[in-house]
Structure formats: C-alpha cells, structure tokens
Amino acid sequence: MRKIGLIAAREFLATVATRGFIVGVLLMPALLALAFSVGPRIMNQRSATVHGQVAVIDPTGRVTSALRTTIDPQAIAARRDETARRVLAAAPAAVRDLAASTGNTSNAAVDRMVGAVPDLQIVDSSDIGSQKAWLIEPTKELQPRHIAVVVIHHDAVSLPADHAEYGTYDLYVPVNLDDRIEAVIVDSVREAIVNARVLTQSLDREHLDALLRVQRPPSVTVTRNNEQVTSGVFNRVLPFAFVGLLLFGVLMGGQGLVTSTVEEKSSRVIEVLLSAVSPFELLAGKILGQMGVSLVVLALYIGLGLMLLASFTMLGLLDITLVFYLMVFFVITYLTIGSAMVAVGSAVNEMREAQSLMMPIMLTMMVPWVLAAPIAREPNSTFSTAISFIPPMNTFAMLLRLTSSAPPPAWQVWLTMGIGVGSVVAAVWMASKVFKIGLLMYGKPPDFKTLVRWVRAA
Amino acid sequence: MDAALRLTGIRKTFGATTAVDHLDLAVPVGALYGVIGPNGAGKTTTIRMIMSILFPDSGELSVLGHRSALDAKDRIGYLPEERGVYRKMHVGAFMVYMAQLKGVSDAGLPARVRSGLERVGLGGTERKRCEELSKGMLQKVQLLAAIIHQPDLLILDEPFSGLDPVSMRQLHDLVLEEHRRGATVLFSTHVMTQAEEICEHVVMIDRGRKVMDDRVTDIRRRYDPRTIRFEPLDPAADITPLRSLAEVEQVEPATHGYDIRLVDGSDPGAAIRRITSTLTPSRIELARPRLEDIFVSIVEGGSGESGRSGGAGGEGATA
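Protein sequences, first through last, are from chains A and B.
Positions 11 to 468 (my numbering) are the ones given, in order, by the first sequence.
Positions 25 to 343 (my numbering) are the ones given, in order, by the second sequence.
Keep in mind that a hint or two might mislead.
To be verified - Chain A stretches covered by chain B per the calculated footprint, using a threshold of three residues with CB under 8 angstroms from any CB of chain B: (1) 154-168; (2) 285-295.
Unchecked claim - Partner residues are not named here, just some residues of chain A that face chain B (Cβ under 10 angstroms, in silico): (3) Arg-12; (4) Arg-96; (5) Leu-449; (6) Leu-450.
Simulated from the structure, these hints should not be mistaken for lab results.
All C-beta atoms in this analysis are idealised placements derived from N, C-alpha and C, irrespective of residue type, glycine included.
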C-alpha cells in the first residue's frame with residue numbers, strides 16, 4: 011500500500027506541479043472572470059450612432075406622420091427602456107440588484123446588444139423605381155446614408171369591407187445593412203401602422219395596451235427548506251453542467267493516464283520501476299494519482315459553480331446530494347475508463363499509436379453526451395432507464411436523470427452504482443493483464459484482437 | 025553453499041522463438057557472476073525472469089530464498105538494459121523516489137543520496153533535472169539508484185554499455201565495492217573482456233542455452249593455451265629452425281613477431297625452452313585464452329555445457 015501511495019503521489023505531483031496544468035486549469039475560470047469583470051469595461055463604449063434616411067411611400071397618407079414620431083430617437087429609447095424593464099422584472103432578484111447597482115451600465119449593455127439608437131430621417135416619396143435606385147447609389151461622406159425604402163400597402167391602415175386582415179408593407183434595404191438598424195425600422199413601422207389604425211378607429215392606444223397586458227408572475231420553486239423563484243435557465247442547464255463535469259473529469263484523468271504511461275514506456279523508466287514494484291502496484295498508483303488530479307480540478311469547478319450560484323442567491327435551488335452523486339459516479343466512471351486508458355498507454359509506444367485504440371473508448375463516452383437532451387427530457391423512458399444500466403454510459407445517464415425534472419426511483423440509482431462497481435472490477439482486472447504484458451512490449455502496436463489475447467494469456 | 029539465485033529448467037518462448045531453453049543456474053551468496061553471450065542470446069530475458077518482470081513457461085526459480093523476486097524486491101538492486109529516468113525530475117528527487125520504492129526510510133535519505141553522487145563525481149547535481157545530464161552521468165545515477173538501498177542481490181544488465189573508459193572504471197569500482205560489501209552480483213554483458221576483468225565466475229549463453237558455467241580461472245586452465253607469442257631479438261632472424269621443432273605445428277607472422285601454434289598434447293613449458301634455445305627472444309609469452317575465443321570455439325564446435333564443462337562447470341551449475 012505504501013508503494014501505491016508513493017507512485018500515486020509522484021503521479022499527482024508530476025501533473026499538478028507543472029506550469030501547463032496550472033495555466034490550463036486556472037485559465038477557464040480566469041477567462042470567465044475576465045469576461046464578466048473586465049469585459050464590460052472594455053466593451054463599455056457605445057457603438058457609433060448611425061445617421062440615415064428612410065424613404066417612405068405611403069398611399070394611405072396616415073403612416074408617414076406616425077412613423078416620424080415612432081422613429082424619433084427618444085421614442086426608440088423609450089421603447090427599449092420599457093422592454094428592458096419587463097425583462098428585468100422576470101429576472102432573479104440578484105440580477106435586478108446587479109442592474110440597479112450598475113445604473114447607466116445596463117443601458118450601455120442594451121445598446122451593445124441592440125445597437126446605439128440610430129438617427130433616422132423620413133423622406134417622403136412616391137416612385138418605387140427611383141427609390142430603389144436611390145437605395146443603392148453611393149452616399150457621400152458626412153451625408154446621411156440611404157438606409158431603407160418602406161412601401162406601405164394601401165390597405166395597411168383601413169380594412170376593406172371584403173378583407174379579414176389588414177395589409178402590411180414592403181421593406182427594401184441595401185447590402186450589408188446592420189440587422190439591428192433593420193430591427194429598429196421594422197419596430198418603428200409596426201408601431202406607426204398600429205398607431206395609425208388606432209387613430210382611424212378613434213381608439214385610445216394606451217388603453218388598448220393596458221387591456222392586452224397580463225403580467226407573467228415568476229413561478230416559485232418549493233423545496234423542503236425554502237421557497238425560491240424558479241429559474242428556467244438553471245433547470246435547463248443543470249443536467250448538462252453535471253454531465254459536462256463528469257465527462258471533463260474522466261477525460262482529463264484518462265488522457266493524463268495514457269500520456270504518463272506512454273512517457274514512462276518511451277523513456278524506458280518502466281523497467282526500473284518494475285524492479286521495485288509489481289505491475290499491479292504501478293497500475294493502481296498511477297490510476298489513483300491521476301484520479302487525485304481530476305478530483306482537484308472537479309473540486310475547483312464545483313466550488314466556483316457553487317460560489318456563482320450563491321452570488322445569485324440561487325444556491326437553494328441546487329439539491330446538494332447531486333454533488334455527492336456526481337462524485338460517486340465520477341469515481342466509478344473514472345476507474346472504469348481510466349483502467350482502459352492505462353491499458354492502452356501500456357500497449358503502445360507513442361501517443362500517435364494510442365489514438366486509434368482510444369477512439370472506441372472516446373466514442374463510447376460521447377454517446378451519453380449526444381443523448382443528453384432526450385434523456386434529460388424523458389428521464390423515465392424505457393430508453394433512458396435501459397441506458398442507465400449499460401456501463402460505462404450508465405453513470406452519465408443516471409446523473410442526467412437525477413438532475414432532471416423527474417428523478418428515478420432509488421433502487422435504480424443503487425442498481426446503477428452496483429453495475430458500476432462491477433464494471434470497475436472487470437476493467438481493472440483486464441487492464442492489469444494488458445498492463446503486465448504491454449509494458450515491456452515494443453515495436454508494432456497491438457490490435458484489438460491481440461489485446462484480447464493478452465487478457466487471456468496473462 | 026546457499027544459493028542467492030537458483031534457476032532450474034527455465035524455459036521461455038515468444039511465439040515460435042525459444043528465448044531461453046531449459047536453463048539451470050545457481051549463484052552462491054556473495055558471488056560475482058557474469059552472464060555472457062552475444063546479442064539475442066537470451067541474457068536479458070533470463071534476467072527479466074529472475075526479476076519477475078517476465079514469467080517462465082516452465083521451470084522453477086528461487087531468488088534470495090523466495091519463489092518470486094516480487095517477494096524480495098526490496099533486497100534486490102536492478103539496473104536493466106532498457107534503463108531510463110523521469111527526464112523532468114530532479115536527480116536527487118529521482119534517487120530519493122527510487123530509494124523510497126525500495127523501502128528505504130526517509131531518515132537520512134537526502135544525505136545518503138548526496139554522498140552517493142559525490143562518490144561518482146556527480147556532487148551538486150541533485151537539483152539538476154535528469155535531462156540535463158549526459159548519458160554517462162545518467163548511467164551512474166541509475167546504478168546509484170540501484171544500490172542506494174544496499175541490496176543483497178545486485179543484477180546488472182549490460183551495465184557498462186556506451187560508457188567512456190573513465191566512467192566505466194568508476195562504475196566498475198562501484199560494482200566491486202558492492203561485492204566487497206557482501207552483495208551477490210550478477211551481471212550480463214556481450215563484451216566478454218568486461219566479464220573476464222570483473223567476474224569470478226561466468227555463465228555463457230548462446231541461443232537460449234547454457235554452453236558454459238565455470239570459474240574464470242578454471243576455464244582458462246581447462247582451455248589450455250596452444251599458442252606462444254614470440255618476438256626474436258633480431259627482427260630479421262631466420263625463423264625456419266622453429267618450424268622444425270617437434271612441439272611446433274605452425275608459425276605465423278603476427279603484428280609484432282610471430283604466433284607459434286603448438287601441437288596438441290605438447291608441453292608449453294618445454295616448447296618455450298626449446299624455442300628460446302633455438303632463437304634468442306626479445307619477448308616470449310604464452311597467449312592466455314580469451315573468453316571470446318573460448319566462446320567462439322564452443323559455439324563453432326557445436327558443443328554445449330554438457331559436452332565441454334568438466335567438474336568445475338558441473339559444480340557451478342549445481343552448487
């Protein structure tokens with residue numbers, strides 16, 4: 011046991027105490043922190059205001075004047091504020107507090123998303139042909155750009171007797187018009203046509219809006235300990251986050267095992283080690299050492315995730331037993347996949363040769379990721395249940411089901427764990443056989459058939 | 025005498041190739057044995073089986089009284105032919121790690137590592153990465169790592185290959201020092217002069233079979249010399265009279281003087297006396313049989329251990 015511990019400690023330190031590891035592991039959180047903190051400051055400049063002209067052909071004679079009002083920069087800004095207010099009202103309290111504390115920054119963020127409010131002038135017109143030519147003619151510097159031509163249909167404001175629906179309008183734009191500007195025009199024209207229709211009917215627009223508006227309340231998730239505003243995003247992201255962490259941890263450890271085994275073999279240190287320890291001690295030490303590396307990384311990412319949830323006061327939405335299941339399933343999956351990976355590493359002479367033998371393992375691991383959406387959506391379907399018992403995908407599938415809206419019964423969770431433990435025993439047994447023979451084999455890498463022969467022979 | 029190592033009827037095949045064929049070997053405690061033979065003779069396979077890195081298809085093995093070296097790993101020092109180090113690891117850390125794997129307690133280990141390195145002229149390299157050392161320096165580090173736990177049995181596979189004469193001498197001295205300390209030493213080489221220089225006892229292997237197992241002095245005695253190296257005082261002297269001597273079979277010019285081949289069964293002492301009385305020599309000596317020549321003569325003669333070795337060989341094989 012002491013020797014296994016020594017090998018594991020060396021394996022762990024040889025990976026963790028390298029610049030590459032530190033940079034690699036800390037890079038992602040650092041980049042995220044940078045994106046959330048420095049990013050907005052760097053990108054805080056409002057985009058340049060676009061000055062342009064919009065030609066309007068209005069056979070109704072009622073829309074153009076309304077459009078002059080709705081396309082006014084102040085009117086556009088007012089509509090944006092109203093939209094932002096509604097979005098914030100539906101967001102978690104932490105997001106609302108953040109928006110309130112940043113003040114003007116939120117307006118800047120809206121500007122970045124939908125572009126700065128454009129300064130658009132309306133030009134009356136009547137000839138569509140000449141206006142299309144006007145649209146594509148080059149505009150001189152410092153002159154307003156020709157942005158769009160809007161052709162209002164004659165029945166856009168008044169409903170003819172034999173029609174069930176109002177007419178609409180046609181929109182012509184030049185090449186490469188910023189879609190955010192086009193969206194402003196579309197929104198302004200829609201508002202102008204609606205206002206013109208309301209005016210024609212002698213109705214009150216504000217009253218109509220009030221009639222049509224029903225505030226959507228945020229749903230409240232009730233747990234044993236508390237009640238909390240439901241986060242749809244949280245519910246949708248949770249299964250993928252957990253399975254992503256599991257996959258990441260296993261892949262990281264597995265890749266580390268292949269690399270270190272191939273390195274030890276190619277540097278010929280392996281025989282020196284085998285003079286001091288048995289092949290099984292070496293195998294066990296290496297697997298445990300790399301597991302330590304993966305656990306450190308997982309702990310780091312889980313810790314960051316919990317901190318993030320806590321900062322948004324959403325920690326209460328997370329059932330903490332899921333973290334326990336994640337760790338249990340990680341250990342099971344890592345030991346199964348890691349054993350296979352270390353066997354591959356022992357059988358080849360260089361990383362290039364390992365790729366072809368690793369391919370089936372990697373593809374097997376990708377299956378649950380590909381099937382994550384259907385499993386998360388239908389966690390108790392026959393397919394989801396069946397795949398929860400097929401190693402090595404069982405742990406991924408079960409974790410997806412546990413984090414879904416309808417967790418499986420407890421006996422299925424225990425059965426998945428039992429099957430997982432069985433697969434670990436089988437994988438370690440087979441890996442130790444291949445490992446024992448493969449370590450001192452040089453030359454042509456074995457094919458799958460040869461590996462099976464090694465397992466039988468050892 | 026107790027055997028530190030005993031192999032009985034060991035056989036190992038790789039597919040259709042028989043690497044080791046019914047090998048018997050017994051190495052007494054405290055002996056210094058050399059396993060010699062050409063490349064591909066089966067030396068490394070034999071050593072790997074002794075170390076339980078490979079396992080024989082048949083036969084029995086005993087290492088320091090255990091049926092497997094796995095049970096006595098901490099008492100064995102091993103320098104494999106395919107040796108390596110962790111290139112990025114510091115020299116001192118590598119040696120400490122190897123010592124710990126061999127069961128050496130941590131107390132006083134760094135000091136032991138330091139003094140070991142100083143002993144082979146590598147003082148101050150503990151903080152260097154292994155990749156910064158030359159091949160010869162690394163070989164010293166590796167040998168030190170193999171003996172740092174003061175093993176009872178030291179097994180060295182081609183320990184001197186690729187070394188310059190000075191490094192070779194240092195390692196040579198280190199091996200002899202371990203032997204003097206009481207360790208049983210078994211080393212393999214395909215350079216037979218090395219075995220001749222160091223070993224008390226050699227085992228010759230050819231194509232997986234043992235062809236000789238004897239004390240070096242006994243081998244020399246048994247393969248009695250039949251060549252006399254002769255250099256006349258007068259380089260222009262006529263050597264025809266030598267050819268007519270009854271003991272002389274043939275006289276051939278050599279680089280310096282002549283090689284005089286004696287008739288089978290003739291007495292070398294009498295021949296030397298007759299030669300010196302016929303022509304005044306500036307140098308005359310009995311050519312010592314080299315292991316290499318003996319090996320070649322055995323292999324070319326097609327006879328193995330059973331055919332050539334006498335009592336001493338038999339004793340060596342069964343002691």
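Close enough to count: is the Cβ of A/Arg-12 nearer than 10 angstroms to one in chain B?
-> 8 angstroms, holds
Under the criterion of a CB-CB separation shorter than 10 angstroms, is A/Arg-96 in contact with chain B as hinted?
-> This hint is violated: A/Arg-96 lies away from chain B, its Cβ roughly 58 angstroms from the closest one there, beyond 10 angstroms.
Hint check: is the beta carbon of A/Leu-450 less than 10 angstroms from a beta carbon of chain B?
-> At 6 angstroms from the nearest chain B Cβ, A/Leu-450 passes the 10 angstroms test, so the hint holds.
Establish whether the coverage given for the stretch 285-295 of chain A by chain B is satisfied; the threshold is a Cβ-Cβ distance below 8 angstroms, and no fewer than three residues must meet it.
-> holds (count 4)
At a threshold of 10 angstroms, is the proposed contact between A/Leu-449 and chain B supported by beta-carbon distances?
-> Holds - the Cβ of A/Leu-449 comes within 10 angstroms of chain B, reaching about 8 angstroms at its closest.
The stretch 154-168 of chain A covered by chain B? Criterion: 3 or more residues, Cβ-Cβ distance below 8 angstroms.
-> violated (count 0)
In this structure, the earlier hints numbered 1, 4 are contradicted, and the remaining ones agree with it.
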